[in-house]
Amino acid sequence: MTDAVTSTAQRAAARPAPVAEPLAHKLAAQALSLAEQAAAQSDALSAWRQAALAQLAALPFPSKKTEQWKYTSLMALDAGHLTAQAPDQAPSQTLPEPLAPWRLVLINGRYHAELSQLPPQGVTLTRLDGSAEAPLEAPLSVAEDGLRTPFAWLNSAALQDGLLLTVADGVALDAPIEVLLLGSAEAASHCHTRLRLQLGAGSRATLIERYIGQGPVLTNAVTELVTGDNSDLVHYRLQAEAADTLHIGSLILVPGRDSRATSFQLMQGNALRRNDVRVLMAHSGASASLNGIFVGRGNTHTDNQICIEHRVPHAVSDQLFKGMAGDKARLVFNGRIHIFAGAKGTNAELSNKNLLLSPGAEVDTKPELEIYNDDVKCSHGTTCGQLDAQALFYLRSRGIAEPEAKRMLAFGFVNELLAALPDAAVAEWARPWLESALTEAAQA
Amino acid sequence: MLEIKDLRASVAGQDILKGLNLSVKAGEVHAIMGPNGSGKSTLTNVLSGRDGYEITGGQALFDGRDVSELDPEQRAHAGMFLAFQYPVEIPGVSNLEFLKASLEATRKAQGKEPWDAVTLLKKARETCKQVDLDPQFLKRGVNEGFSGGEKKRNEIMQMLLLEPRLALLDETDSGLDIDALQVVARGVNSLRSPDRAIVLVTHYQRLLDYIVPDHVHVLAGGRILKSGGKELALELEQKGYGWLTDQEDVPA
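As they're listed, the protein sequences go chains A and B.
Mapping of the first sequence onto the working numbering: residues 1 to 444, in sequence order.
Mapping of the second sequence onto the working numbering: residues 1 to 252, in sequence order.
The hints are simulated quantities; they were obtained by calculation from the structure and are not laboratory data.
One or more hints might be untrue.
Said to hold, decoys possible - In silico EDC-like pairs for lysine to aspartate or glutamate, Cα to Cα no more than 20 Å straight-line:
#1 A:406 to B:97
#2 A:406 to B:116
#3 A:406 to B:144
#4 B:151 to A:388
#5 B:18 to B:71
#6 B:139 to A:428
#7 B:100 to A:375
Bound conformation, chain B alone (with noise of 0.2 Å):
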């Protein structure tokens, strides 16, 4: 579904991505793991395209096509998603014209059936239910004085509702408590099925005892370091990343 060939890609002409390899297929979860300011961001950035995220090598295809060569919203319809570490405020558009927004011009683009005004607004509300956010968060701003746990939730929320084929998300647990983080595991596990993908960012292995990856990635210095089972990731829980960045100093 997602393969990412020796990526290379730079912010403000600073290189942080150096050539990583990915390879992502359909029912699979991934957990790609590594210190601050390894590339962890960059690399969701650059697979939604955000501005000002430059591809300087390789490439990353999303069911064989060039993801570089999509809009964001493109991209969208292809069935990516992205779940941002820090989800913007946008006062004055409400919630559910957003969502109403979003899912009619992804569906129509999906060839899937529209929603009319009734079940939009029945499936907002039965989604919210399912993470946990009062519907009443449906008429404010989007995520206009959410808490931190709240736009988070309205994260996972879009992303139930715009069913993704490739879930990318991005720190979704930093800054939530256990309970809000049990909120999003399960609604990401509810996504979970043989035709879809998901890849976790994180920092921490907490996520991971909720989400259980089926493969996990240590990615340092813009490339991945190394590859393993769910036991990789209890391994840096308790060892942290040195052993493996050190091991990175010798040239490879």
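Pulled out of the complex, with its shape left as it was, chain A reads as follows (with noise of 0.2 Å):
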């Protein structure tokens, strides 16, 4: 168990002054490099392509002795993935049945209308590539004060394509838009996948972005849900890369006033994976619920940095995450909570879980709040533990082999999320997923 409240003064007296690490610096050149490259194009997109190479000159890079990137280096990217660009290519394979009536699909961050099938009436597809007749405004008032990370900056600064959906108020969908993201080299190489979606007041929506692909390619994402009043959302990640791709993703979710977001990351490791998540509870009545499986297998890595901000008063947000880690795969996890003075009337829930499925096996977990409210409920709490050994036995005793034994205890320990799925497509997805997840944990 591991517990810590920590006040901002401690956090910046804890911090040490970000010194540029050779590797650190190599990957700002890199990354400033791609950016400015596509500043210097004219199009629809390039006030926000400006706006963010700012932001991402300002910035220090990631590295060892950055507080949020503690658990993870980025040594991987040093094979120079940020310096050669993934094919814009057709699928190099066939692409898997889909989990919803109406599917997007973007090949290395590009989109493929031809693979494609629109969402229907009520929903608008705008491309974000740059052709539009009219500049895009740097995206919400969120943007600046959203992803604030180094790689979402620089998703910003090199966009060429990506897809915002909006779907218009009272609009009720009964079938989820899938978003299909393959992401595929050969040799070291990047991408860019840009997603948003923007749901109008009392409208109703699923959306289920799945991550597939392979090879040394880094996919560098950025999804950002924002929310009307009353609004309903289930928002599925599904990210099921192979264990040789590399995932730097940022998620931004703003719930709107009296709305509901229900989202569900489930997640194997792969090279290395990396997603910062963020809640803005910026309005009101609204609620939102984070939850999560995460399965290290091999040699993964996968670090998941959770905050949520509670800037209003009266939001609701619970997150529950589980993790399992088996052979020599880490997973860290950070849930930030950060209550604002005046945010009276906050509840806000966290619970980690986690499960070593080997001696080799790594997890760090820890929960943060900042809290500067009294009139809160929060609660916190991760755990780390091994596979309980009177189960197994019990299991054994009753004819039931050891690894078939190990594995229903696996599954029983995220049982409650998966039965939690809401929508049956992904439920069904989910649990042949897990099995081959945990199957490849299993390996040692």
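Taking the hints as your guide, dock the two standalone chains into a single complex.
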């Protein structure tokens, strides 16, 4: 059990001044070079890219001395991923069966209309490829205030293609929209994926983001979810890429007034996986529920940094994340709840439970609370344990062989999350996915 | 069926069983009684293969095979069943899923016809009724939130479905009210047959009013001190264990 309550002052004192390490310096130069090349283009996205470039240039690039990157090394990127773009190509594999009637396909960040089924009336699809006639506003009041990681800024600064989905006021979709993001390359390279969903007031939608692919490609993903007043959003982020891929993802969720947002993130570890999730509770009456299952396999690395900011009174958030690490895998979890002064009546819960499936696996988990208000309910807990030996013996004594017994216990550990998946198509996808993720995790 | 010869076993370096002999033949019901700390649970745990119980001497043969060479699951496949004194709660794994995995693996290993999902559900529901458990329990996590009596009845249900040839019941009667005790006893009695054997480990004579044993043994200090017929249990009930264990103080 690790509990931590940290004040801003302590945090500032504890954080060493950023010193550019050789690797961080090199990666920063590569990122800036990408951004500068892209900024030279003149099209509808120019303003957007310029603004992001300025931020990128000003922000220190993460190094091992950066607190939020303490457990995650970017050494894997030394192979030059940021110097080469993943090829713009047709799919290198047969696409998996869709999980929804409407599916939009991105390959290495590029939208492929010929592979996509457009969403129905009431949903507008805008391509973020610079082809719009009028300049696209640098989005969102939340942008400046939203994703603050260098990789998110790099994504904006180097943006070539992406999707903006707008669901009109009062539209209730009766089936999910799936966005399939395939990342694939033979050599070390990168792609930027960009996805933004705006839900109108009183609307209802389900978005499935599904990442697949293989090869030494770094997917630098940004997803923005902004929902309207009294809307309902169900969001899935399924990260099922092969173990040799790299993924740095940023997700921001801003639920509207009196709205409900539920997110499920299911992921398996790969060569490098880093997710920064930011939730801004900026409208009263909003509720956000974040859930996740993380499975570490082989030598993989998975780092999840979740931050929920309660800025206004009477918003509710809960988080339930469960991790399982097998073989020599490493899971990092940092769950931060920041309750602003004046955010009275906040209710925020955080739970992160982890299971070590092998002696070589490692889990680093930390809840972080910053609370500047008395009138709040806030609970947090993190645990890390092993499979229950008593339960294992019980199953074996009933004739169930050890590997199967372990598999059953692992499934049992996350069953409450699997059972809570609201969409049948995703629930049906999740079980075999978990089955194969656990099989890989069990291989030592 | 079960031959235990001069069995010695230790837990955490402490000798608990100190030369135990017991012979159980097909068709027999044996009751093993004894005071707290006499080694009763150690015996069932050693027989079922729980980690941490080390055989330091002698052997236990099941159908002529040394059980120490078998994994817990192999013992189950061979036809052994242990009804736990403290059945384990496994949240997130439903009873039905558990029964399915258990029966699939065991029946396959035993060369029996597999049960399809419909048959399994039907049998499980019937057996639930037999032990007075609401079939809704099948959907719940294994033993999750079950009362003490429900857990014990769940053990009996598993036993009835698995049809073991040797059933070891570790204080299955403890903590049961009289109704639940009768349910458990009925379940055990329905399993009695010429090709099966049952070993009941118990503190109390009470259970033996409902499951009448062929043999009663008194276990104390890690050895069988006395064996007899069902009347021995009544004698113990009246006199306690003192008259036997006092004799034991005299070096044998």
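Going through the hints against the structure:
1. A hinted pair counts as satisfied when its Cα atoms are at most 20 Å apart, and residue 406 (chain A) with residue 97 (chain B) qualifies at roughly 14 Å.
2. Restraint check: the Cα-Cα separation between residue 406 (chain A) and residue 116 (chain B) comes to about 23 Å, which exceeds 20 Å; the hinted pair is violated.
3. At roughly 18 Å between alpha-carbon atoms, residue 406 (chain A) and residue 144 (chain B) fall within 20 Å of each other, so this suggested pair holds.
4. Distance check on the hinted pair: residue 151 (chain B) and residue 388 (chain A) sit about 18 Å apart at the alpha-carbon level, within 20 Å; holds.
5. Restraint check for residue 18 (chain B) and residue 71 (chain B): the C-alpha separation of about 23 Å exceeds 20 Å, so the hint is violated.
6. Simply put, residue 139 (chain B) and residue 428 (chain A) have alpha-carbon atoms about 19 Å apart, close enough for the 20 Å limit, and the pair holds.
7. Restraint check for residue 100 (chain B) and residue 375 (chain A): the C-alpha separation of about 49 Å exceeds 20 Å, so the hint is violated.
This entry does not satisfy hints 2, 5, 7, going by the numbered hints stated previously.
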